[in-house]
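**Student:** So the chains spell out like this:
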Amino acid sequence: MIQIKNVHKSFDDLAVLKGINLTVNKGEALSIIGGSGSGKSTLLYCINAIESIQQGQILVDDIDVHASHTNQDKLRQKLGMVFQQWNAFPHLTVLENAALAPRIVKKMRKEEAIEIAKKELIHVGLGDKLDMYPTKMSGGQQQRLAIARALAMRPDYMLFDEITSALDPELVGEVLDTLRMLRDDGITMICVTHEIAFAREVSDTVAYFHQGVIEEIGPPEQVISNPQKQTTQHFLRKVL
Amino acid sequence: MDYEFHWSIVWRHMPEMLQGAFVTLHVSVLSMLIGILIATPLAIAKLNHNKFFSPIATVWVEIARNTPGLFQIYMAYFGLGALGIHLSPYVAVLCALAFVNTGYLTETFRGGFQSIPKTQYSAAKSLGMSRFQSYRHIILPQMFRRIYHPMTNQFIWAILMSSLGILVGMNELSGETQRLQSLSFRTLEFFIVAAVMYFIITKLVLLSTALIARKLFKGEI
Ligand SMILES: Nc1ncnc2c1ncn2[C@@H]1O[C@H](COP(=O)(O)OP(=O)(O)OP(=O)(O)O)[C@@H](O)[C@H]1O
Ligand SMILES: [Mg+2]
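Protein chains in written order, with the numbering used here: chain A, 1 to 240; chain B, 241 to 461.
Some clues are possibly wrong.
Computed from the model, here is a short list of chain A residues facing chain B with C-beta under 7 Å [to be verified]:
#, residue
1, S52
2, V213
3, I217
Pairwise CB distance ranges, derived in the manner of DEER restraints [as the list claims (entries may be wrong)]:
#, chain 1, residue 1, chain 2, residue 2, range
4, A, F11, B, F293, 24 to 32 Å
5, B, F311, A, Q54, 50 to 58 Å
6, A, Q211, B, R454, 25 to 33 Å
7, B, V436, A, E115, 40 to 48 Å
8, B, N393, A, H194, 29 to 37 Å
9, B, I440, A, F11, 34 to 42 Å
10, A, K26, B, P281, 38 to 46 Å
11, A, R109, B, I440, 42 to 50 Å
12, A, F11, B, V299, 29 to 37 Å
13, A, Q54, B, L446, 49 to 57 Å
14, B, H389, A, R180, 52 to 60 Å
15, A, R109, B, H289, 54 to 62 Å
16, B, K358, A, Q3, 23 to 31 Å
Everything labelled a hint here was simulated from the structure, so no lab data went into it.
All C-beta atoms in this analysis are idealised placements derived from N, C-alpha and C, irrespective of residue type, glycine included.
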C-alpha cells in the first residue's frame, strides 16, 4: 500500500505540492490527471525519493520513504518507474537494458537475470529485438523497453509519468495496450496521464490535480464522467 | 649542398633507438592512465561543486592549460630538486605529463558528463542502482565513448610532448637520439630517423585506438 499523508513540496520559493493525501492499495490503479505544472510528476518523484519533501509523509508498505534511516536505493526496488522522456541506456542492447539492474542491484546470477529480462521483453512484444540497440527503435518500442526494464526488477508498484505524451500519435496505441495488459495482470500502478479515455477505462480511482492540490478524487465514473468541481469540468472540457 | 648521408651508423644503433621509442610509448601510456584516473573524480567533483576538490580541480586545470610543457618538466625535475625532492628524469617527465593530461582531461570529461541527459541518472536511480553503480554501468561507459576521440588526441599530444625529456636527459626517443648523434655527429640522419619513428608511433597508436573503439563501443550514442 502507498500512503501519502499531507505532503508538501517546494522548489525554493515555488510551492508545488500543497498538502497531498492519497492512498493506493495493492492491486489498484490510480490515474492522476491535471494541467501542466500542477505537480503530477513531482509527486511521482517524491514517491520514489528522487525528490525530497518538506512536510508530510509517504509510506510504501509502511516504509517511510523520506526518513533518514530508510535505504532509498533499496526502497526504489519496490517501485518501478517509466518516464515521459525515453531513456533507454543507449550503450546497451535491449536485453542488456532489461537484465542489468536485476544482475547488479538484485545480485542475480547472469543467466537468471537474462531469463527474467527476456520474459518481460517478450511480454511487452519486444521478443524479436533482444540484440538490437535501443537508438535504432521507435519511441513506442523504447517506451515498451522502459516498461519491461522496470518490470524485470519485479517491483510491487509501477509509476508511469505521461509515458505516451512524447510519442507520435500512431505509436500511442501500442504503449497503452501494454499498460492495459499490465492492468489485467493486476499490477498496482499510478499513472500520470493526459489520455483521459484511457484513465476512465483502466483506473479504479482518478485524481484531478490543480495547482498542487487534489481538487477532485473518486472513481472515474464520477471524476471524469460527472465532475462536481468547476475547475475539473473546465479542464476536462479543454482536453476531451 | 654537399652533405653526405651516412645511414649505416644509424642502423647499427637501431636497437637503442627502438629502446628509446619503447620508453616514449611507455611513459605516455602511463601518463594517460594516471591522467584518466585523477581526471575522472576531479571532473565529477567539479560538476557537483564539491567544496574541497572543486577548487583544486579548477586551479589544476588552469595551471596545466596555461603554462608551457617545458616549464612543467623543469618544475618537476629542477624545481622539486631544489626543494630536496630528487626525481629521476623518467619520473619527472611522467609527473609533468600526467599533470598536464589530468588538466586537459578534467575539462574534457566534464563536458562529456554534461552531455549525458539527466534522465539517464534518474532512470538508473529509479531501478535501484546506487550512485556508484549508476556511474560505473550507465554514466561512465557513455561518457568515455563520447570523449574517446579527444582523449586519443590527448594521448598523441603526450607522446609528442614526452620528447621534451631530452632537456632533463631522459632516455626516451629524443633523448636517446640526442645521445647517439653526439657520439657520431650524424645529427641529421639520427633526427630524421627519430622523426619517422615518432610518425610511425602516433599512426600505430591511432590505429590501435580505433580498433579498440570498434571492439568496445558497439551501440550508437
Ligand atoms: N527540479 C525543479 N526545480 C525547480 N522547479 C521545478 C523542478 N521540477 C519541477 N519544477 C516546477 O514545479 C512545478 C510542477 O512541475 P511538475 O513537473 O510536477 O508538473 P506536472 O504536473 O508534471 O506538469 P506537466 O503536465 O507539464 O508534466 C512546475 O512549475 C515546474 O516548473
Ligand atoms: Mg509532468
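**Student:** Run the structure past the numbered hints and jot down the numbers of the failing ones, going up.
**Tutor:** 1, 2, 3, 6, 7, 8, 9, 14, 15
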